[in-house]
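Since the structure of chain A is provided, determine the placement of chain B on it from the hints.
Chains as they are written, first to last, in my numbering: chain A, 1394 to 1671; chain B, 115 to 399.
The hints are simulated quantities; they were obtained by calculation from the structure and are not laboratory data.
For clarity, every value in this text was computed on a predicted model and none was experimentally measured.
Misleading hints may appear alongside valid ones.
Claimed, not checked - Keeping only pairs whose Cα atoms sit at most 20 angstroms apart, straight-line, the calculated EDC-like set for lysine to aspartate or glutamate is:
(1) B:Lys314 - B:Asp193
(2) B:Lys314 - B:Asp238
(3) A:Lys1563 - A:Glu1573
(4) B:Lys314 - A:Asp1406
(5) A:Lys1638 - A:Asp1448
(6) A:Lys1563 - B:Glu236
(7) B:Lys314 - B:Glu294
(8) A:Lys1563 - B:Glu339
(9) B:Lys314 - B:Glu297
So you can see what is in the structure, the chains are spelled out below.
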Amino acid sequence: MTNAATTPPPARDPAWLGRLFWCGAALVVLWPLMHATEFRPWILFEAKNLEVTGDFLASFLPPAHSGEFLAMVARETWRTVAIATAGLTLALVIAVPLTLVATSVLSVSALPGRMARGPFLLRQAVRWLLIVLRSVPELVWALVFVRVVGLGPTAGVLAIALTYGGMLGKVYAEILESGEPHATQTLLRNGGSRLQAFFFGLLPQNAAELTSYTVYRWECAIRSSVVLGFVGAGGLGQQMDNSMKMFNGGEVLTMLAVFVALVALADRVSAGLRRALG
Amino acid sequence: MHAEPTPPPGRPGQAAANLPYRLPPRLFDARCRACWFSAAVLALVVASFATLDLQWAQFFSLEAARSMGRFLGEFFPPDLQPEFLRRVWIGTWETLAMSALGTALAAVGGLALALPASRLHEADPARGRALTRLVLNALRSVPELVWAALLLIAAGLGPFAGTLALAFHTAGVLGRLFAEAIENAPPGPGAALRAQGVGKLRVFLYATLPQVLPQLMSYTLYRWENNIRAAAVLGVVGAGGLGQLLAFHMGLFHMGKTATILGAMLALVALVDALSHVARRRLTR
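Pulled out of the complex, with its shape left as it was, chain A reads as follows (with noise of 0.2 angstroms):
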């Protein structure tokens, strides 16, 4: 005891061969993933390469703002808000039929104990639907329909409908679960239908938490059909993709800032809707 009071406290960090050793440790992994990356920082700062992104840049400056240009913006941004409203809507389509027939708590067989075989098989393909539809990215899907569709909204609004039907219906389906199913199992048991005890009990229990989540997809909707305009869908992304094509700054600059004030609105909108449902 006293000789631990006399021994004056370390110095230096006692820790510091454990610390040294994770460091390298992790550079040690970090070495492949560079290599398969191609990492190499400095092409960044090479003569030819700074000088194309020096003219980029310089020509951001002054941003677009010719009176035609902004109602083209002012147009397209429209589009991408309709885009990703009209595909929210065809998603809610898909979603909410599979989502009542994959809801475990409306099975009137499971009410005595187990699920029958024929309704468990059949959830549990919808719910593989399900995740089939929303693991392959709205991207792909989009590219799959220009395809199809040609160059246009169709394209981006189906891309939507089809990943976001897949996500809100997992989703929906795993919020209807977790709540306490003593309601919608009385109206079951007394002879209601699977639609009445879903309107009664089911619906009214978690309304606000679906419209919650609902809303948070609908900004990420919007995020998303930004992006599916690079591969032809239309809207802001499109006009984004042919500015930077012919290295025209200033439009990138407008589009960038209107872009990024849309995706803060939505935002901000999103966040006021769900703290109003609480």
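Only chain B this time, still in chain A's reference frame:
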């Protein structure tokens, strides 16, 4: 939203046996906020469908169905030649490496930005806080794909641009989360060190960081999971990985090869999902 029913008129002290029969509320009421909200949503949806020139007729026509069927039919059989499989494997590894390195860079960059973006203690003036938060928001609200398209000009085609794009976007996301975590850390240990006259950097390294590190790690892992999905498609604009292979072969209508690449993409996403599901269950148990 709706006014509570007023008690039925009657002599005081004598409640009515039954509440008077009430009609359901009117469908639209000018004082009902939910009604206005629903009306606005409906208007937005109708306006969206009305202004977009959607070609449903073309999509649901017999010809479109046939071309869709032909298109899907060409996916089979997937191209499984060993030489091509090797390229897909390289693409998959590139995608994984891009996501891992991008997330690691973002964690470092996010931490560097989170420090000026947070109020470290009560008396901290935190002068750069508002400005840094603005930068973080701008980084965050530009999607990875747009960053990639912008960075292609500086970094050239290939996975390096994709890695940087992931790092930029994710640094914005993680920086904000890290700043919240740092501000919410218990202030006790930091205050104790500061009272001893320990410098800022060492207070952070030995008091704040150890407390928030588990949270920072879990945020970073969560973003990594997202970034693997993002990295798979970044290549569509030419930023390397599976997406670049996909865009290339789809552009040339090599449908068998496209099918293989799509399969690899789905397998990668499913694998990551399963792993993170297991890991999270382990952590929460």
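Going down the list of hints, with the structure as the test:
At roughly 59 angstroms between alpha-carbon atoms, lysine 314 (chain B) and aspartate 193 (chain B) are farther apart than 20 angstroms, so this suggested pair is violated. A distance of roughly 11 angstroms separates the Cα atoms of lysine 314 (chain B) and aspartate 238 (chain B); the hinted pair therefore holds under the 20 angstroms criterion. Between lysine 1563 (chain A) and glutamate 1573 (chain A) the CA atoms are separated by roughly 18 angstroms; this keeps the pair inside 20 angstroms, and the hint holds. For a cut-off of 20 angstroms, the pair hint linking lysine 314 (chain B) to aspartate 1406 (chain A) stands: about 16 angstroms separates their Cα positions.
Of the supplied pair hints, the one linking lysine 1638 (chain A) and aspartate 1448 (chain A) holds, its CA atoms being roughly 14 angstroms apart against a limit of 20 angstroms. For the proposed pair lysine 1563 (chain A) and glutamate 236 (chain B), the alpha carbon gap of about 44 angstroms is over 20 angstroms, so the pair is violated. Taking the CA atoms of lysine 314 (chain B) and glutamate 294 (chain B), the gap is near 19 angstroms; set against the 20 angstroms cutoff, the hint holds. For the proposed pair lysine 1563 (chain A) and glutamate 339 (chain B), the alpha carbon gap of about 18 angstroms is at most 20 angstroms, so the pair holds.
Simply put, lysine 314 (chain B) and glutamate 297 (chain B) have alpha-carbon atoms about 15 angstroms apart, close enough for the 20 angstroms limit, and the pair holds.
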